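2 protein chains.
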Amino acid sequence: MLNEKSLSVSQDCNECPIRHRAVCARCESDELERLEEIKYYRKFEAGQTVIWSGDRMEFVGSVVSGIATLTQTMEDGRTQMVGLLLPSDFVGRPGRPSAAYDVVATTDLVMCCFRKTPFEEMMVRTPHIAQRLLEMTLDELDAAREWMLVLGRKTAREKIASLLSIIARRDASINMRDVGDRLTFDLPLTREAMADYLGLTLETVSRQVSALRKEGVIELEGKRHVTIPDMGRLLEEAGDDADGGVFA
Amino acid sequence: MLNEKSLSVSQDCNECPIRHRAVCARCESDELERLEEIKYYRKFEAGQTVIWSGDRMEFVGSVVSGIATLTQTMEDGRTQMVGLLLPSDFVGRPGRPSAAYDVVATTDLVMCCFRKTPFEEMMVRTPHIAQRLLEMTLDELDAAREWMLVLGRKTAREKIASLLSIIARRDASINMRDVGDRLTFDLPLTREAMADYLGLTLETVSRQVSALRKEGVIELEGKRHVTIPDMGRLLEEAGDDADGGVFA
DNA sequence: ACAAGACTTTGACGCAGATCAAGATTTGGA
DNA sequence: TCCAAATCTTGATCTGCGTCAAAGTCTTGT
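So the sequence lines, in the order shown, correspond to chains L and C. Counting in numbering that gives the first Met the number 0, the first sequence runs from 0 upward without gaps. Counting in numbering that gives the first Met the number 0, the second sequence runs from 0 upward without gaps.
Worth flagging that the hints you see were computed from the coordinates, not collected in a lab. Just so you know, these numbers come straight off a predicted model, no measurement behind them. One should not assume that every hint holds.
Chain L is nowhere near these chain C residues, computed Cβ spacing over 10 Å in every case [as the list claims (entries may be wrong)]:
1. F43
2. G65
3. R95
4. P96
5. T203
6. H224
7. D229
Derived list of chain C stretches under chain L, where covered just means 3 residues or more per stretch with a C-beta under 8 Å from a C-beta of chain L [what the hints assert, rightly or not]:
8. 68-82
9. 116-130
10. 140-147
Just so it is clear, CB atoms sit at the ideal spot from N, CA and C, and this is done for glycine as well.
Sequences are here, hints too, so could you generate the full structure?
Structure (structure tokens):
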């Protein structure tokens with residue numbers, strides 16, 4: 000999920016991240032062939048639901064391009080985003096029959112999928128895949144717990160600054176720029192999606208973004224294109240210490 | 000963490016849960032012997048810090064008896080609990096050098112520990128341990144994401160009801176009682192610890208507990224002994240549907 | 001190029017929960 | 001057993017964020 004480790008996809012193999020990250024470097028060629036056999040691609044349009052919570056899952060896979068969100072919804076309609084899926088992030092719960100959250104494409108999305116049962120069978124035979132998945136799941140757990148601190152204890156302003164700094168770092172990492180630089184990126188989320196992630200309303204998000212802009216912490220061109228003139232300042236606003244805190 | 004699966008320790012092997020849950024059922028006897036070699040017990044007193052965030056971890060292990068919390072703290076002192084460790088819960092991050100959170104004993108605590116490096120080496124050789132740990136980590140991730148919904152979108156009253164219902168279910172599960180019954184248990188947390196878990200202040204926790212008592216949703220003897228006369232009612236108050244929602 | 005819909009901003013106002021404060025109850029150590 | 005410290009309750013007041021409302025600005029299809 001939202002941390003740098005999960006974003007470092009090497010350039011020569013980003014067509015199918017799972018293959019590269021979980022398997023390529025260490026496995027035997029016949030395992031690679033088996034993976035090829037059960038691999039297929041799926042495309043989704045922006046707004047389309049990839050998986051409904053509770054549905055039987057017939058695949059696991061990873062994001063090739065585009066962005067998706069994991070959300071939970073209460074009966075009365077209140078929703079909370081519990082994860083953001085970026086290229087190279089893994090989707091699926093090996094060993095579990097059904098999905099626990101809705102997965103929704105927020106942009107056009109390409110997924111690299113593997114049929115679930117054969118994938119699980121291969122996992123049993125190739126221990127380093129299970130180990131790689133354990134590492135990735137521990138990363139996600141850390142990110143989820145980081146986010147619990149944001150949701151439970153930060154103010155609206157700090158929440159916005161936290162989200163912006165995470166997206167900025169991710170973006171810098173993908174484009175191999177230095178975090179010390181003046182960073183520029185396009186927000187991949189609507190104000191409403193930001194609100195769902197942060198446990199706020201979209202009005203509060205809009206107000207706090209405007210406030211940060213007026214005070215020069217961020218610069219905006221249009222509604223989505225953001226520039227961070229001083230990352231240290233943004234991290235201060237987020238309540239993290241300036242050297243990057245836990246996300247460093 | 001907080002879900003029923005992680006609590007079902009069979010009676011004949013709860014002295015050292017990791018041995019039972021990760022290994023016993025499936026592994027070879029020489030692996031069991033190796034586990035014995037690197038196993039040791041540690042006791043902590045109530046209030047003692049088991050691990051400091053950022054410290055080098057020299058062991059992994061699991062809780063034998065007592066209760067511990069995982070917490071994160073900001074520089075200005077705001078703290079958020081990110082996990083509750085109950086008997087049989089696993090502690091540690093195989094493959095990671097250092098701890099990501101403070102672990103604090105809230106009652107007297109006994110841990111069953113394994114030296115980290117040999118444990119990791121054994122994990123490489125015995126795939127079903129890695130798979131079992133993956134399952135446990137996925138459980139924790141689900142619980143963490145459940146809690147994100149609680150923190151981000153529930154009211155104070157719903158938060159209290161959610162916490163009480165989770166503790167009640169856990170307790171019923173350990174003592175093998177039916178959740179349909181009239182449930183009774185001792186709160187293992189102070190009002191302040193509950194507040195840190197729920198992203199509230201201790202005053203708000205106290206007020207909401209009093210309100211639930213006055214309205215008959217819960218009964219109290221003293222400050223800590225709780226009776227739930229009607230679990231369905233409590234779950235309604237928590238905003239879950241009465242059949243148990245996602246924790247079922 | 002324009003209209004319609006989606007997304008965003010801003011303002012006014014209210015309320016849930018935080019903060020500040022005072023006491024009550026429980027716990028534990030001498 | 002009794003005192004001190006820890007824990008909990010309750011009240012009064014304040015405030016950050018939610019709610020409701022209206023208007024502004026992008027996007028998309030025809």
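Hint-by-hint comparison with the structure:
1. F43: holds, 22 Å
2. G65: Its Cβ never comes within 10 Å of chain L, the nearest being 21 Å, so this holds.
3. R95: violated, 7 Å
4. P96: The assertion about P96 of chain C holds, with a minimum of 12 Å to chain L.
5. T203: Holds, since 13 Å exceeds 10 Å.
6. H224: Non-interface label on H224 of chain C holds, nearest chain L Cβ at 27 Å vs cutoff 10 Å.
7. D229: holds, 19 Å
8. 68-82: holds (count 10)
9. 116-130: Contact hint for the segment 116-130 of chain C vs chain L: holds, 5 residues under 8 Å.
10. 140-147: Satisfied; 7 residues make the cut.
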